[in-house]
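Enquirer: Protein chains in written order, with my numbering: chain A, -4 to 103; chain B, 38 to 181.
In short, the hints are calculated from the structure, not lab data. Please read all numbers here as calculations on a predicted model, not as lab measurements. Every residue, glycine too, gets a C-beta built ideally from N, C-alpha and C. Worth double-checking, as some hints may not be accurate.
Claimed, not checked - A few chain B residues facing chain A, derived, Cβ under 10 angstroms:
(1) Lys65
(2) Gln71
(3) Leu82
(4) Thr116
As the list claims (entries may be wrong) - Simulated crosslink set (EDC-like; lysine to aspartate or glutamate; CA at most 20 angstroms straight-line):
(5) Lys65(B) to Glu65(A)
(6) Lys65(B) to Glu66(A)
(7) Lys53(A) to Glu36(A)
What the hints assert, rightly or not - Here's a subset of chain B near chain A, in silico, CB distances under 10 angstroms, partners left out:
(8) Thr69
(9) Gly86
(10) Val89
(11) Gln103
(12) Leu105
(13) Phe106
(14) Thr110
(15) Arg123
(16) Gly159
(17) Met160
Spelled out, the chains give:
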Amino acid sequence: MDDQPVATRPPVWPTTIHWTELPEDKAEGGNSTEWNFYRREVGRLLAEGHEGRWVLIKGEQIIGIWDTREEALRELNERYLMQAALVHQILTREPVFRGPIRCSLWRS
Amino acid sequence: MAQLTFSIQGTDLVADARVNLDAPTLLKHSTTGQPAPHSIPARALIDTGSDVSLVSGWILQQLGAQRLFHRNTQGMGGTVSAGVFRVSISILDASRPPPWFTRPDVCVMELSAGLPFDVIIGMDVLLECRLLVDGPNRTFTIDF
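So that you can see chain A by itself, here it is in the shape it has in the complex (with noise of 0.2 angstroms):
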């Protein structure tokens, strides 16, 4: 009999995903051309050994690899202020975060 209490026990919802099961961002506009690709991209750069640096992308061009995110944001900050662009980690497994309780209410 299972008696470990309910509190305690791990989520029922993924609290990770694979990049290889990274969803692709359909929405127009924004940073999705970025992130599609980063989506492409994410394989070889883990190949590269670049897991947990920081990538900054913008189009379909990496612009560069940082080892914080501070240093992507400057260069973001530098050069690309107030327009689309991505930096994100890179990253074998990236997190998965819970929407809201009503989770219709948000949208990508």
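Keeping the supplied structure of chain A fixed, place chain B upon it in accordance with the hints.
Expert: Then chain B, alone, in the frame of chain A:
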């Protein structure tokens, strides 16, 4: 420790809020001489069931907020990926003077239009304060 107390509206924890661009971007505007936007008043729902905070599209558009990051989020239809914006969010009682509970750099998703609130405050913000719900007295308090 500062404190804000609100009435519980029905079963909802609703508070006044103000949203602006994130502090680093405002600082960049300031140092480059660009005009910075004014913060926008909003109606916020406190939602402990959400990991993330959300802001209405009209506010993000009015501020000129930039999509910088991407986040994978679990919703009813499975996991989706969407761009997220950097903003600053303050929770306040509009009928009283400060203090305000301000988070200067929060990554938020876009909230659909046509809802009775403009902001959802998720656990990413709530973990920075103490939230006390007094059910019998129909009030809730934020200590920070």
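Enquirer: Does the CB of Leu105(B) sit less than 10 angstroms away from some CB of chain A?
Expert: Hint on Leu105(B): holds, closest Cβ of chain A at ~5 angstroms, below 10 angstroms.
Enquirer: Minimum Cβ distance from Val89(B) to chain A below 10 angstroms?
Expert: At about 5 angstroms, which falls below the 10 angstroms cut-off, the nearest Cβ of chain A leaves the hint on Val89(B) intact, so it holds.
Enquirer: Please work out if Lys53(A) and Glu36(A) have their alpha carbons no farther apart than 20 angstroms.
Expert: Within the cut-off at roughly 13 angstroms; holds.
Enquirer: Does the nearest C-beta of chain A fall within a distance shorter than 10 angstroms of the C-beta of Lys65(B)?
Expert: Because about 6 angstroms separates Lys65(B) from the closest Cβ in chain A, which is inside the 10 angstroms limit, the hint holds.
Enquirer: With a cut-off of 20 angstroms on the C-alpha distance, tell me whether Lys65(B) and Glu66(A) pass.
Expert: Judged against 20 angstroms, a Cα distance of about 15 angstroms means the pair holds.
Enquirer: Would the hint on Gly159(B) be counted as holding, given a Cβ-Cβ threshold of 10 angstroms to chain A?
Expert: Since chain A brings a Cβ to about 7 angstroms from Gly159(B), closer than 10 angstroms, the hint holds.
Enquirer: Taking 20 angstroms as the top limit, are the C-alpha atoms of Lys65(B) and Glu65(A) close enough?
Expert: 14 angstroms, holds
Enquirer: Gln103(B) was flagged as interface toward chain A. Is the shortest Cβ-Cβ separation under 10 angstroms?
Expert: At about 6 angstroms, which falls below the 10 angstroms cut-off, the nearest Cβ of chain A leaves the hint on Gln103(B) intact, so it holds.
Enquirer: Go through the hint on Gln71(B) and say holds or violated, using the shortest Cβ distance to chain A against 10 angstroms.
Expert: 9 angstroms, holds
Enquirer: Does Thr110(B) pass the interface check with chain A, least Cβ-Cβ distance below 10 angstroms?
Expert: Given a least distance of 5 angstroms, the restraint on Thr110(B) holds.
Enquirer: Tell me if the interface restraint on Leu82(B) is satisfied: Cβ within less than 10 angstroms of some Cβ in chain A.
Expert: Status holds, d = 8 angstroms.
Enquirer: Does Thr116(B) hold up as a contact with chain A if the rule is Cβ-Cβ below 10 angstroms?
Expert: This hint holds: Thr116(B) lies near chain A, its Cβ roughly 6 angstroms from the closest one there, short of 10 angstroms.
Going through the hint list in order, the structure satisfies each hint without exception.
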